[in-house]
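Participant: Read off the chains here:
2 protein chains.
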Amino acid sequence: MLMSTQMEQARNGIITAAMKTVAGKEGLTAEEIRLRVAAGSIVIPSNHNHTSLSPEGVGLGLRTKINVNLGISPECANLDSELAKVRMALDMKAEAIMDLSNYGKTAEFRHKLISMSPAMIGSVPMYDALGYLDKKLEEITPREFLDVVEQHARDGVDFVTIHAGINRETAQHFRKTSRVTNIVSRGGSLLYAWMELTGHENPFYEYFDDLLDICVKYDVTLSLGDACRPGSIADATDGAQISELIVMGELTQRAWKRNVQVMIEGPGHVPLQEVVTNVQLAKKLCHGAPFYILGPLVTDVAPGYDHITSAIGGALAASAGADFLCYVTPGEHLRLPTLDDVREGIVAVKIAAHSGDIAKGVPGAAEWDMKMSQARQALDWEKMFSLALDREKPERYRKESAPEHQDSCTMCGEMCSMRLMNRIMD
Amino acid sequence: MLMSTQMEQARNGIITAAMKTVAGKEGLTAEEIRLRVAAGSIVIPSNHNHTSLSPEGVGLGLRTKINVNLGISPECANLDSELAKVRMALDMKAEAIMDLSNYGKTAEFRHKLISMSPAMIGSVPMYDALGYLDKKLEEITPREFLDVVEQHARDGVDFVTIHAGINRETAQHFRKTSRVTNIVSRGGSLLYAWMELTGHENPFYEYFDDLLDICVKYDVTLSLGDACRPGSIADATDGAQISELIVMGELTQRAWKRNVQVMIEGPGHVPLQEVVTNVQLAKKLCHGAPFYILGPLVTDVAPGYDHITSAIGGALAASAGADFLCYVTPGEHLRLPTLDDVREGIVAVKIAAHSGDIAKGVPGAAEWDMKMSQARQALDWEKMFSLALDREKPERYRKESAPEHQDSCTMCGEMCSMRLMNRIMD
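For the protein sequence lines, the chains are A and B, in the order given.
If you use numbering that gives the first Met the number 0, the first sequence corresponds to residues 0 to 425, in order.
If you use numbering that gives the first Met the number 0, the second sequence corresponds to residues 0 to 425, in order.
Hint data in this document are derived by calculation from the structure and do not stem from the laboratory.
Be a bit skeptical, because a hint or two may be false.
Stated by the list, open to error - Derived pair list, reagent style DSSO-like, types lysine-lysine, alpha-carbon separation capped at 27 Å:
#, chain 1, residue 1, chain 2, residue 2
1, B, 92, B, 398
2, B, 392, A, 392
3, A, 19, A, 216
4, A, 256, A, 283
5, B, 175, A, 370
6, A, 175, B, 392
As the list claims (entries may be wrong) - Just a few of them, taken from the derived set where beta-carbon distance is under 10 Å, the chain A residues facing chain B:
#, residue
7, 11
8, 230
9, 411
Using N, Cα and C, we set each Cβ at its ideal position, and we do this for glycine too.
Work out the full structure: start from the sequences and follow the hints.
Facilitator: Encoded structure:
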């Protein structure tokens, strides 16, 4: 039996099991989910071959989702250390994991990851292409690039990042902008290099219909990557970036005609005053497709703390309508993240997503804060820990610093305003 | 000779040494600074008796400043550990330190702090009152409260937080709002308790002119504290908070008539979508006086990570016109901050301040990012470290993870887009 995509079924009036699951998780009706999947404003990345998946929706009116990047590479070809990150991401309830493996036993890692993950799995097939094909970049043919995508799709990847928007025209705009940091997307820079070395059009743009065939077959969601995402705040919202976004919008409509689900990837490094503009532009130029962003980092000057610079941008972006946030760890710009870096990155992006959800009025978001504040007012420490976004750290902090009065903490002690007010207002 | 305040001199057309210093630091003319000090939109907290001070301006068009809270208390009466925090704050270029000491040798600590600090020093005399006067709260007289303020002023404190806005009328509004977290300001809750226990009006409101006498004498800047700042996002922007803000606006004009410099203190816990509103309300209701905020924390659910929740709110607030950010450490709501907590809090608030400065177009702000991105593009690691907001952590991260190629890092290694693009574009 040929299975069809979530989008095709939605458009045919069919409510799928995945739509029901998503509706249950979001507190919406399955019909509301179906309508938005049909319109393209929600995606449910769910490859037919990812049988362990617990589907999540990404898009309009839904809780902001988060993604954790990991994968094996020449710098860390150790499967176990990357699998430890997978387990941590799953324990911390990340809705998505992107496998950025680019070296070594990538297929083995991918198979393990997919079979163990209820979280949706994304990949960047371009990263895997060089190692998988074992060829020089310029010798890879368009067909071979597509073969790698199909291999990932067959393995059960739920969404693939494809930098199809950096075509020859976008590349022209890029060359005219004289950027501070050129192209900082890895996949994007590889494609640009391939185009320069071969003189040919971007294979994913030229053979976009063949790419859609693969997406239709497995119901792989297309995550249109932004090769020209700014790598410095000076490069944000420039001609290169926005011209690529226009092409991505056109490709979105072509994909939708084939009932292929689409997400749009966004920057990057963006100064605070341009974050909302970027979300609006992406949503507008790409016809309301779900917006997935990396960061954005609102300043370039804080290496070692880019989980914070990106939490600022991510919270603001989510509040303005971004649907899906990719975590950034303290290791960004410096090193492959350690397990601790991964943990810190996940906490920071969850804070950003939740702050955005409160602002955009996602049902249930502010209620969580209400419960925490009621527990705080009642000086109910156990309840505060159980409601904490991350339980381990606050519990440890309190243990390390034993208060004189069990109901207060060492910050204010005797002078605790909560205690005093509770006494005065009795 | 009786020395007058910065504001009085500004209004008399006099450019003081402090105005010249501030102008030099900000890249503005001394006349621009004078005009704004005269109008009240800039303050230069600089007590005549704080001789080690290197004056800073706080307010319209200036770089956003940051404050570090510390001080001795029953939970940490050890002067040395608090002095270590002072040294760290000074090393990390905090423009202000607030001494929240409330127990033990507070006078000794304050004297040491002031004599060693080029940073401006603030205090909350109310915290010190109980220990200093060694009396039950309800037995303290209005005159005694003022005596403590005068003691701090005589010692050289540059600005004092005074919760004068929570008068009987504000207290009525507070009682009608049925808040989740009542009054969470320590000084505010003590004053509210005093009012409830004695039946009298807030002494700082009733004897505001006497308070101004002290401020005039030493040129102490009045930082009007917000007793009704929300302690949970549910309580933000409510009748209690805004009615107090209206009173603070009226007191601001009374202070300005006496040539006393004024700052307005703000919340607290505020959901992201109300942060800009809060800044606008404070600026409007308080006639453009500089706005000094604690946080705001955009969610209540992340104890252990409130340096991040407040960096989100602080960055957005600064971008909207907040002039002065108080740091929040990971220990907030949990314990007195350790030295490490202080360090993390300072870095986070500096990120917030700088991100806001880029957004509000403070001269020179974005240029820092430009230099960093140029260094990144050139793969010049030494330059990146020297430009980093905090140098220690990125340098340590890189050392801990030695890359194969000295020009790249272990995050992307061979696949570094910067390296690839530099090669392709040559």
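Participant: Against each hint, give a clear statement of whether it holds in the structure.
Facilitator: Outcome of the hint check:
1. 92(B) <-> 398(B): At roughly 25 Å apart (the allowed maximum being 27 Å), residue 398(B) and residue 92(B) satisfy the hint.
2. 392(B) <-> 392(A): Since the Cα atoms of residue 392(B) and residue 392(A) sit roughly 20 Å apart, the hinted pair holds (cutoff 27 Å).
3. 19(A) <-> 216(A): Given pair residue 19(A), residue 216(A) holds - Cα atoms ~22 Å apart, limit 27 Å.
4. 256(A) <-> 283(A): Within the cut-off at roughly 18 Å; holds.
5. 175(B) <-> 370(A): Holds, because 21 Å separates the two Cα atoms, which is no more than 27 Å.
6. 175(A) <-> 392(B): Outside the cut-off at roughly 36 Å; violated.
7. 11: Result: violated, 38 Å to nearest chain B Cβ.
8. 230: At about 7 Å, which falls below the 10 Å cut-off, the nearest Cβ of chain B leaves the hint on residue 230(A) intact, so it holds.
9. 411: This hint holds: residue 411(A) lies near chain B, its Cβ roughly 6 Å from the closest one there, short of 10 Å.
Consistency with the previously given hints fails for numbers 6, 7, ordered from lowest to highest.
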